[in-house]
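Visitor: Listed below are the residues making up each chain.
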Amino acid sequence: MNFDFARVFEQLTPLLWQGLYYTLYVSFVSIVAGMIVGLISCFMIISRYRILRILSGTFVWVIRGTPMLVQAMFFFFGVPQVLRMVVPGINETLTEILPFAVNIPMLFTPVQAGILTVALNAGAYFTEIFRAGINAVDKGQNEAARSLGLTQWKTMYKVILPQALRISLPPSVNQWIISVKDTSLLSAIGVGELMQQTRIYAGRTMINFESFIYVALWYLAILSVLMILAKKLETWVTYDRKN
Amino acid sequence: MTEKIKVSNLYKSFGKLEVLRDISVDVQEGEVVCVIGPSGGGKSTFLRCINRLEEATQGEIILGAKDAGNITITDPKININKVRERIGMVFQSFNLFPHLTAKKNIMLAPVSLNKMKKAEAEQNALALLERVGLAEKANNYPHELSGGQKQRVAIARALAMQPEVMLFDEPTSALDPELVGEVLAVMQKLAADGMTMLVVTHEMGFARDVADRVILIAEGQIAEEGAPAEFFTNPKEDRTKEFLSSIL
Chain A
1 MNFDFARVFE
11 QLTPLLWQGL
21 YYTLYVSFVS
31 IVAGMIVGLI
41 SCFMIISRYR
51 ILRILSGTFV
61 WVIRGTPMLV
71 QAMFFFFGVP
81 QVLRMVVPGI
91 NETLTEILPF
101 AVNIPMLFTP
111 VQAGILTVAL
121 NAGAYFTEIF
131 RAGINAVDKG
141 QNEAARSLGL
151 TQWKTMYKVI
161 LPQALRISLP
171 PSVNQWIISV
181 KDTSLLSAIG
191 VGELMQQTRI
201 YAGRTMINFE
211 SFIYVALWYL
221 AILSVLMILA
231 KKLETWVTYD
241 RKN
Chain P
244 MTEKIKVSNL
254 YKSFGKLEVL
264 RDISVDVQEG
274 EVVCVIGPSG
284 GGKSTFLRCI
294 NRLEEATQGE
304 IILGAKDAGN
314 ITITDPKINI
324 NKVRERIGMV
334 FQSFNLFPHL
344 TAKKNIMLAP
354 VSLNKMKKAE
364 AEQNALALLE
374 RVGLAEKANN
384 YPHELSGGQK
394 QRVAIARALA
404 MQPEVMLFDE
414 PTSALDPELV
424 GEVLAVMQKL
434 AADGMTMLVV
444 THEMGFARDV
454 ADRVILIAEG
464 QIAEEGAPAE
474 FFTNPKEDRT
484 KEFLSSIL
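Residue numbers (our numbering), protein chains in the order written: chain A, 1 to 243; chain P, 244 to 491.
If you're looking for bench data, these hints aren't it; they were derived computationally from the structure.
What you are looking at is a predicted structure, and each value in this text was computed from that prediction instead of being measured.
A few of these clues could be false.
[Claimed, not checked] Cut-off 27 Å, straight-line C-alpha distance, at most; resulting in silico cross-link-like pairs (DSS-like, lysine-lysine): (1) LYS232(A) to LYS325(P); (2) LYS484(P) to LYS139(A); (3) LYS139(A) to LYS325(P); (4) LYS231(A) to LYS158(A); (5) LYS158(A) to LYS358(P); (6) LYS154(A) to LYS259(P); (7) LYS259(P) to LYS139(A); (8) LYS347(P) to LYS259(P); (9) LYS158(A) to LYS320(P).
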């Protein structure tokens, strides 16, 4: 048996550069959106209003309790089908409202559905990460801030969150890494990211072993960079970095 | 002298557990009142009811505010944040904000509550640090300070809002013995400057030397109160005698 790494390197590399763009783009947008969703959902889950707690609890429960692949397929294939049946002419209406044209007969482009899926997933996990961070801040911090006359919101924003987010950083890094890898599942709905490029190439040429090793090295490289940057960030945000 | 804090028939329960029973105390302006008593007797809860870190179950607490007349702290309709600006609090565990320098700890409340412009708050913070003897620690983070220094910064932080009353909840109980003195010295200076102070403490020396009045709270009730000289040398109640003999 002959390995043909040279050929894979030559032919797959340009495809992976294209794929890299989608992987990074979807990852970045999803992670940023996911952290915003997670923060809002975390505030809802610790809120005094039952309805908000139920809403966000349900969100976390459903997202964590179902496979991401199922969700991606659901958003990309399932939702548009029902919407088209229930609301005739929805594509045209949405195209008028939204700043982008809705891709008939699909509601979302693969990239949009992909971002939605990964962002909601990250959001559900970030909800729990941030909540744990907030809970880990000493109760005395809240009392000290409130005793100075700060409102609940100002206490959260000026005293609790700066500490909670620092505590949340290591698990957040973990989630960033997971979200980047999650984007590979989006090949199933046709997002042209690294995995999708590799699957197409390997399927066409039947060079499976070399192709998947090669794309694995690309993921390893991306995530190594991310881990190094995260390490620097973790050092940067500790209080005693000057010592 | 005018009344600064008037506590009338205060009750506090946690579920079925009755922690305070029928506490009534008046504190005059400029008075230093030390609250002593056994652990679990309700001293801290009493103090925390005054700025409503704990909600009283029953009873009334009134703050005689300089410009606003009398404010009923226990009234659920008042804006408690406005009242807390007038009442400084110092905690056993310091509770400094670890992500902020000493100076920024002190500046936080005046700036974010729009009491002072940033530059003014900074001047104020430096002056307060000077007052507690820590001018050179302005840019140090809490983890770089000793326990005694932390507590002095915490006192300065509470003073930054220019409170009319200061509450101290066992301010020296978490300190190494050799660091207690520096904190008590700051408190003594504050008392001499005329601050109205309510101090929950185990420091009998401080209570004897600095307090105008000593109150013993045990089993949720005021067992005895009086001027320190009388209180310590000639206690009237058996409960007081028992407590004093247990700590000496």
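Visitor: Now look at each hint and say whether the structure bears it out.
Guide: Hints and how they fare:
1. LYS232(A) to LYS325(P): Since the Cα atoms of LYS232(A) and LYS325(P) sit roughly 42 Å apart, the hinted pair is violated (cutoff 27 Å).
2. LYS484(P) to LYS139(A): Violated: LYS484(P) and LYS139(A) sit about 36 Å apart, past 27 Å.
3. LYS139(A) to LYS325(P): holds (21 Å)
4. LYS231(A) to LYS158(A): holds (25 Å)
5. LYS158(A) to LYS358(P): holds (16 Å)
6. LYS154(A) to LYS259(P): Roughly 33 Å between the alpha carbons, so the hint for LYS154(A) and LYS259(P) is violated.
7. LYS259(P) to LYS139(A): The hint holds at about 23 Å.
8. LYS347(P) to LYS259(P): violated (42 Å)
9. LYS158(A) to LYS320(P): At roughly 26 Å apart (the allowed maximum being 27 Å), LYS320(P) and LYS158(A) satisfy the hint.
Hint compliance for this structure: hints 1, 2, 6 and 8 are broken, all remaining hints hold.
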